[in-house]
Amino acid sequence: MRLSQLFFSTLRDDPADAEMASHRLLVRGGYVRQLGSGIYSLLPLGFRVNKRVEQVIREEMDRIGSQEIEMPVVHPADIWRASGRYDAIGPELTRFKDRNGRDMVLAMTHEEVVGLLLADIVKSYRQLPVMIYHFQTKWRDEPRARGGLIRVREFVMKDAYSCDRDQAGLDASYEAQKGAYVRIFERLGLETVVVASDVGIMGGSQAHEFMVLNPAGEDVLVLCEACGYAANRQVAVVPKPDPLPEAPAALEEVATPGTTTIASLAAFLGVGPERTAKAAFFMAGDGRLITAIVRGDFEVNETKLANAVGATTGIRPATIEEIRAAGMEPGYGSPIGAHDTVVVVDDLVARSPNLVAGANREGYHYRNVNVGRDFVADVAADITNVQEGDACPQCGMAVILRNGIEVGNIFKLGTKFTDAAGATYLGEDGREHPIIMGSYGIGVGRNVACIVEAHHDDKGIIWPAEVAPYAAHLVAIGAARDPQVAELADRLHDLSIEAGREILYDDRDESPGVKFTDAELLGMPWILTVSPRSLAAGGVEVTERATGERSTRPIEEVEALIRGEAVVPA
RNA sequence: CGGGGCGUGGCGCAGCUUGGUAGCGCGCAUCGUUCGGGACGAUGAGGUCGUGGGUUCAAAUCCCGCCGCCCCGACCA
Numbered sequence: 013m014r015l016s017q018l019f020f021s022t023l024r025d026d027p028a029d030a031e032m033a034s035h036r037l038l039v040r041g042g043y044v045r046q047l048g049s050g051i052y053s054l055l056p057l058g059f060r061v062n063k064r065v066e067q068v069i070r071e072e073m074d075r076i077g078s079q080e081i082e083m084p085v086v087h088p089a090d091i092w093r094a095s096g097r098y099d100a101i102g103p104e105l106t107r108f109k110d111r112n113g114r115d116m117v118l119a120m121t122h123e124e125v126v127g128l129l130l131a132d133i134v135k136s137y138r139q140l141p142v143m144i145y146h147f148q149t150k151w152r153d154e155p156r157a158r159g160g161l162i163r164v165r166e167f168v169m170k171d172a173y174s175c176d177r178d179q180a181g182l183d184a185s186y187e188a189q190k191g192a193y194v195r196i197f198e199r200l201g202l203e204t205v206v207v208a209s210d211v212g213i214m215g216g217s218q219a220h221e222f223m224v225l226n227p228a229g230e231d232v233l234v235l236c237e238a239c240g241y242a243a244n245r246q247v248a249v250v251p252k253p254d255p256l257p258e259a260p261a262a263l264e265e266v267a268t269p270g271t272t273t274i275a276s277l278a279a280f281l282g283v284g285p286e287r288t289a290k291a292a293f294f295m296a297g298d299g300r301l302i303t304a305i306v307r308g309d310f311e312v313n314e315t316k317l318a319n320a321v322g323a324t325t326g327i328r329p330a331t332i333e334e335i336r337a338a339g340m341e342p343g344y345g346s347p348i349g350a351h352d353t354v355v356v357v358d359d360l361v362a363r364s365p366n367l368v369a370g371a372n373r374e375g376y377h378y379r380n381v382n383v384g385r386d387f388v389a390d391v392a393a394d395i396t397n398v399q400e401g402d403a404c405p406q407c408g409m410a411v412i413l414r415n416g417i418e419v420g421n422i423f424k425l426g427t428k429f430t431d432a433a434g435a436t437y438l439g440e441d442g443r444e445h446p447i448i449m450g451s452y453g454i455g456v457g458r459n460v461a462c463i464v465e466a467h468h469d470d471k472g473i474i475w476p477a478e479v480a481p482y483a484a485h486l487v488a489i490g491a492a493r494d495p496q497v498a499e500l501a502d503r504l505h506d507l508s509i510e511a512g513r514e515i516l517y518d519d520r521d522e523s524p525g526v527k528f529t530d531a532e533l534l535g536m537p538w539i540l541t542v543s544p545r546s547l548a549a550g551g552v553e554v555t556e557r558a559t560g561e562r563s564t565r566p567i568e569e570v571e572a573l574i575r576g577e578a579v580v581p582a
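Numbering (the working numbering), first residue to last: 13 to 582.
The hints are simulated quantities; they were obtained by calculation from the structure and are not laboratory data.
From the three backbone atoms N, C-alpha and C, an ideal C-beta is built for every residue, glycine too.
Hints may contain errors.
[Said to hold, decoys possible] Below, simulated DSS-like cross-link-like pairs (lysine-lysine); rule was C-alpha separation at most 27 Å, straight line: (1) K150 to K109; (2) K428 to K150; (3) K428 to K471; (4) K190 to K428; (5) K63 to K190; (6) K63 to K471; (7) K63 to K109; (8) K428 to K135; (9) K63 to K527; (10) K63 to K150.
[What the hints assert, rightly or not] Label pairs and their in silico Cβ distance ranges: (11) G512 to E203: 22 to 32 Å; (12) D153 to E265: 22 to 32 Å; (13) G512 to G297: 26 to 36 Å; (14) D521 to P88: 29 to 39 Å; (15) T529 to E499: 17 to 27 Å; (16) D254 to C407: 50 to 60 Å; (17) Q179 to A28: 50 to 60 Å; (18) S16 to G297: 50 to 60 Å; (19) R14 to Q399: 53 to 63 Å; (20) L18 to Q179: 47 to 57 Å; (21) G339 to K190: 45 to 55 Å.
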């Protein structure tokens with residue numbers, strides 16, 4: 013591809029709104045352009061990278077026998093009603109009407125359609141197991157897009173679905189997908205950590221996420237360097253030490269003016285935060301007020317809390333009015349004397365004696381609060397965030413916390429969507445059985461961004477060969493004055509097309525500085541320089557982008573490199 | 001949705017406080033000179049100052065509404 017013809021434009025300055033390196037470089041290099049918040053166009057270079065990432069995924073999907081299909085982006089709302097998600101999902105699911113007034117949705121994912129396809133196609137156990145997948149645009153009207161391509165609203169996802177006769181079959185499919193994912197991310201040049209994860213709106217029994225460690229990641233991972241334990245903080249459970257036993261003492265109201273935070277309360281009373289009970293208030297989607305009680309030295313984990321109360325549509329912080337309506341006082345709140353609220357107590361609080369808790373009266377707390385005696389817990393569960401240094405649940409060593417970006421996930425779904433679609437098969441036993449599903453997603457654009465995050469320097473992108481839009485970047489210098497340069501550069505470019513491994517050819521009438529700078533920004537693995545100087549030195553200058561190592565190579569060797577016969581010149 | 005910031009030629013920004021001719025760098029076009037690390041000179045094109053309303057003799061500038069984008073928090077590939 014001749015750069016003089018390429019539909020692109022590089023920028024000398026960083027775009028003002030690009031915070032992450034991947035976003036900055038992809039915009040500056042002319043790979044992508046933003047159309048709106050979380051909505052991007054792919055220019056030719058970006059499109060090629062996307063296609064190459066897709067191809068890696070496709071090859072690994074095909075290798076495990078997953079079959080490529082394509083499902084629609086626009087769905088009749090009925091199928092989402094049938095699965096219950098039409099009502100369970102909030103405004104991130106975009107709903108609209110077609111010209112005849114029928115309710116439609118923009119697909120966020122495709123479990124419903126798969127369920128219907130299975131109901132239509134699969135009749136007999138002989139047709140199972142089967143795995144299908146597609147690359148398709150998803151629209152998720154996220155509350156907030158961020159980080160360039162890391163978190164967008166419209167994106168292409170590879171979503172695969174396994175369809176099995178029974179649980180053992182699902183387990184096998186799940187492992188096959190997991191293996192494919194390991195190979196995919198390895199080929200993409202991404203170092204991933206596999207963590208146990210929450211099942212979220214998918215439901216189902218088990219899930220893992222493939223995470224790339226990155227300070228800008230939106231998930232917090234609990235990792236143990238000693239034994240390899242890894243879990244998303246949303247589901248990580250670590251042992252909490254038992255508090256020292258103490259006989260319950262009499263409840264005692266104390267004046268604690270101006271102590272609306274645990275820190276100020278503990279300081280005022282001269283006790284440690286572990287002797288206090290903190291209340292946090294949330295509203296579930298079904299209108300229940302949730303009062304969560306954790307010890308003062310812990311934080312509430314909202315995912316765990318939502319799961320503890322079966323709030324399938326999520327929870328949000330309650331308003332002051334909602335808290336007061338239940339007879340509690342924000343800043344001085346506790347379930348003592350409260351009404352119309354679901355009280356969820358962290359398991360540690362349930363066995364911690366004589367805590368300080370709110371008196372539901374401005375400026376007052378109680379000492380010696382004991383769960384069970386002074387108020388009743390509707391639910392007792394682990395609802396706290398794991399903290400750095402907590403004991404690993406596997407080996408007891410101190411865990412560490414790291415941020416991660418989710419580049420892929422795998423879910424054991426079960427029969428939720430096949431039940432909704434009536435997808436059953438006739439077993440060997442002559443009876444109908446539900447088909448058991450799993451689902452497996454990879455966001456293509458997010459992976460591209462993560463690759464750039466992992467492979468760049470201060471000059472630009474450094475593509476791994478597997479996903480580079482072009483195998484090499486040919487820079488011609490002095491072609492206008494030296495016909496030999498132009499002739500050789502043209503010939504090498506032609507050769508690359510004939511060989512089916514096209515290279516990028518900077519044939520523009522630009523100064524050498526501009527060309528080298530752009531070549532480094534764009535990030536092809538090899539930079540080939542043809543100039544009067546390189547010809548005089550015996551050939552073509554070959555620079556490895558990743559290392560900056562350069563040497564002049566005979567023309568025949570460079571031709572072999574372009575044909576793919578020699579991957580790395582010695 | 002809560003909090004913070006920003007909208008001025010393609011990109012990056014100044015101008016706004018204190019209302020009065022719309023500016024700078026880069027990029028772009030033409031010509032000439034350059035040519036291995038973002039060249040130089042000359043000439044030139046390009047802007048309803050996000051948008052609607054208001055105040056005023058006069059609004060990029062002051063006031064009100066709206067829209068859009070970015071960042072921080074609640075959701076996910």
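Does 45 to 55 Å hold as the CB distance between G339 and K190, or does it fail? 49 Å, holds
Agreement of K63 and K109 with the hint, judged by alpha carbon distance not exceeding 27 Å: 33 Å, violated
Cβ-Cβ distance between T529 and E499: within 17 to 27 Å? Holds, at about 25 Å.
Mind checking the hinted window 50 to 60 Å against the Cβ distance between S16 and G297? 56 Å, holds
Is the Cα-Cα distance between K63 and K527 27 Å or less? 26 Å, holds
Would the hint linking K63 and K190 be met if the CA-CA limit is 27 Å? 22 Å, holds
CB of D254 to CB of C407, is that within 50 to 60 Å? 19 Å, violated
Take a look at whether the Cβ-Cβ distance between D521 and P88 falls inside 29 to 39 Å. Since D521 and P88 have Cβ atoms about 55 Å apart, the given range 29 to 39 Å is violated.
Using the Cβ atoms, figure out if L18 sits within 47 to 57 Å of Q179. 52 Å, holds
Hinted pair, alpha-carbon criterion (27 Å max): K63, K150. Please report holds or violated. 17 Å, holds
Below or equal to 27 Å on CA atoms is what counts here, so check K150 against K109. Since the Cα atoms of K150 and K109 sit roughly 18 Å apart, the hinted pair holds (cutoff 27 Å).
With respect to the beta-carbon atoms only, verify the hint that G512 and G297 lie 26 to 36 Å apart. 54 Å, violated
Violated hints, listed in ascending order, are 3, 7, 12, 13, 14, 16; each of the other numbered hints is respected by the structure.
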